[in-house]
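Asks: Spelled out from the first residue to the last, the chains are:
2 protein chains.
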Amino acid sequence: MSLLVVGSVALDTIETPFGRVKDTLGGSATFFSAAASLLSPVQLVGVVGQDFPLGDLRFLEDRGVDFAGLEKRDGESFRWSGIYNFDLNSRETLETRLGVFADFEPLIPEAFRDARWIFLGNIDPELQYDVLEQVDSPELVVCDTMNYWIAGKRDALLRLMPRVDVLLVNDSEARELSGEYNLLKAARWIQDHGPRMVIVKKGEHGAILFTNGSIFFAPGFPLEEVFDPTGAGDAFAGGFLGYIARAGSASLDHLRRAVVYGSALGSFAVERFGVERLVDLTVAEIDARVMHFRELTTFEEPAAVRQGS
Amino acid sequence: MSLLVVGSVALDTIETPFGRVKDTLGGSATFFSAAASLLSPVQLVGVVGQDFPLGDLRFLEDRGVDFAGLEKRDGESFRWSGIYNFDLNSRETLETRLGVFADFEPLIPEAFRDARWIFLGNIDPELQYDVLEQVDSPELVVCDTMNYWIAGKRDALLRLMPRVDVLLVNDSEARELSGEYNLLKAARWIQDHGPRMVIVKKGEHGAILFTNGSIFFAPGFPLEEVFDPTGAGDAFAGGFLGYIARAGSASLDHLRRAVVYGSALGSFAVERFGVERLVDLTVAEIDARVMHFRELTTFEEPAAVRQGS
Chain X
1 MSLLVVGSVA LDTIETPFGR VKDTLGGSAT FFSAAASLLS PVQLVGVVGQ
51 DFPLGDLRFL EDRGVDFAGL EKRDGESFRW SGIYNFDLNS RETLETRLGV
101 FADFEPLIPE AFRDARWIFL GNIDPELQYD VLEQVDSPEL VVCDTMNYWI
151 AGKRDALLRL MPRVDVLLVN DSEARELSGE YNLLKAARWI QDHGPRMVIV
201 KKGEHGAILF TNGSIFFAPG FPLEEVFDPT GAGDAFAGGF LGYIARAGSA
251 SLDHLRRAVV YGSALGSFAV ERFGVERLVD LTVAEIDARV MHFRELTTFE
301 EPAAVRQGS
Chain H
1 MSLLVVGSVA LDTIETPFGR VKDTLGGSAT FFSAAASLLS PVQLVGVVGQ
51 DFPLGDLRFL EDRGVDFAGL EKRDGESFRW SGIYNFDLNS RETLETRLGV
101 FADFEPLIPE AFRDARWIFL GNIDPELQYD VLEQVDSPEL VVCDTMNYWI
151 AGKRDALLRL MPRVDVLLVN DSEARELSGE YNLLKAARWI QDHGPRMVIV
201 KKGEHGAILF TNGSIFFAPG FPLEEVFDPT GAGDAFAGGF LGYIARAGSA
251 SLDHLRRAVV YGSALGSFAV ERFGVERLVD LTVAEIDARV MHFRELTTFE
301 EPAAVRQGS
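Chains as they are written, first to last, in the working numbering: chain X, 1 to 309; chain H, 1 to 309.
One chain only, chain X, in its complex shape:
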């Protein structure tokens, strides 16, 4: 039941209305692993520079994250720095220093190639394709992308899509990729171009899973304070695939629950800076929040419907 993630391992400098942190643990593979490892062991493939504080990853090792695929290269680690506006709904990137990540060419260790579940973090779609060339026959491939690749590497992305089972995008990405404003039409366009399934993340407005013939909706978890939205999407992906790996099945029932686990992990991630909240989070807390999600949307069948009126 191995779960493989390929993506960035970075150092983030983040400013929100609540404060500022410098060079804190970040990157798509890091957030994914911090969430997924609460539910399942994880195999990580990424790259860091000589300056990376490897000790910061120890809590993930202790939780069963296998870093055999983390390359250490001469040079600087990937650094991102950004500032969020007062309502945390938009952010400005202050600096992106790719460092060793600029030449990242994911090499999947022999021991990782039989991975059953794969998350392709947001990297160049050509590299995402190369990853799939190196693995045997995964049961579920979940792929993230972003506007930068949709605009700049559209052909590579379209070539990748038939090999992806679940495309994980936010609403603006779904719209840009498909050219459709309506999210139903956007999802159908994407499904017509390869992925059997699409998950559209709408931030505070929740997430929608489009499968063949069904739609599942999970609300955004109502939080009084969103502290730092960085990494929420990758934590969502980690919760989603971590749950699938734990369940050992990607049946429709499990996929629906997985979206809720994803939403739960995403909601925890934003409660503190960076991965902080995911460090000492417990499975019991996650399960409790999943049940809270159920309460949020559950209503009894009206009597009139039960009576068939």
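It is worth saying that the hints were derived from the structure and are not from the lab.
Treat the hints with caution; some may be incorrect.
[What the hints assert, rightly or not] Straight-line C-alpha distance at most 30 Å; calculated DSS-like pairs for lysine-lysine:
#1 X:K202 to H:K185
#2 X:K185 to X:K153
#3 X:K22 to X:K72
#4 X:K202 to X:K153
#5 H:K22 to H:K72
#6 H:K185 to H:K153
#7 H:K202 to X:K202
#8 H:K153 to H:K72
#9 H:K202 to X:K185
[To be verified] These stretches of chain X come out as covered by chain H in the derived footprint (C-beta under 8 Å, 3 or more residues):
#10 69-78
#11 141-154
#12 180-191
#13 210-218
[As the list claims (entries may be wrong)] Selected chain X positions facing chain H (Cβ under 8 Å, derived; list incomplete):
#14 K22
#15 D23
#16 N85
#17 P222
#18 E224
#19 V290
Ideal Cβ placement from N, Cα and C applies to all residues, glycine included.
We have chain X; now place chain H onto it with these hints.
Replies: Chain H in isolation, oriented as in the chain X frame:
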């Protein structure tokens, strides 16, 4: 189990990317009644001018809407004209001609004063207050308002609020009224100022019911085409209170279902111009859509949680 609505009865001229209609039936009390009357009889209080095509209201009379409170005055009927942008997410008001509505002073007929359920459509909060002075002891008062009154008649609105059970606002109104960006805090602010409950409508992103100590979330119904958003909020209110009146109870279970009926009616309303879709809508269609809402959000309890792990 009488259900009373006070609000506008108007003629709308609407342009959307799909076409244009002139002087079609509109107004908050009209949309409310068109939705609610599918579930319960309705008593309407409003005003129209001599030019109003009363025959257009016949389908509502046939469905049990009592127009004894519809005043016919010398002068022109309330007319609104607006144009929606390509994605239907914003609109521009081209013209508002209040006509006889400018001097509207709701007079509640004797026979309506024992109303058990009341919807105060979006009118001057002073007039909404006057309505409540004229009725006996309603079990549930639901009140709509808008930014115009929040900014211009704040004191009157705050005076009204303790007499309201459910304030029905959209997200921007909740934020403007409370001065809180976070919707949880905004809802709590509102609840601290009178209403026991708040419903925040988020358009395509769904609706949230805040009660004392619980939150219920209904998603926006996934539609491939939104044809004309006019009146969706009032149709929501009609579905909400129509369901409550039909159930004869405003218990928490019923309130949650009522939010789904509101969401269902709102979603039907936008499928055609004006009230068109609500004219021949059936209870069976409504109930089917409510069940569809259940499918959208239902997931099984994960085994791990069931086992108490």
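Asks: Of the numbered hints stated previously, which ones are contradicted by the structure, given in increasing order?
Replies: Violated hints (numbers, rising): 10, 11, 14, 15 and 16; every other hint is consistent with the structure.
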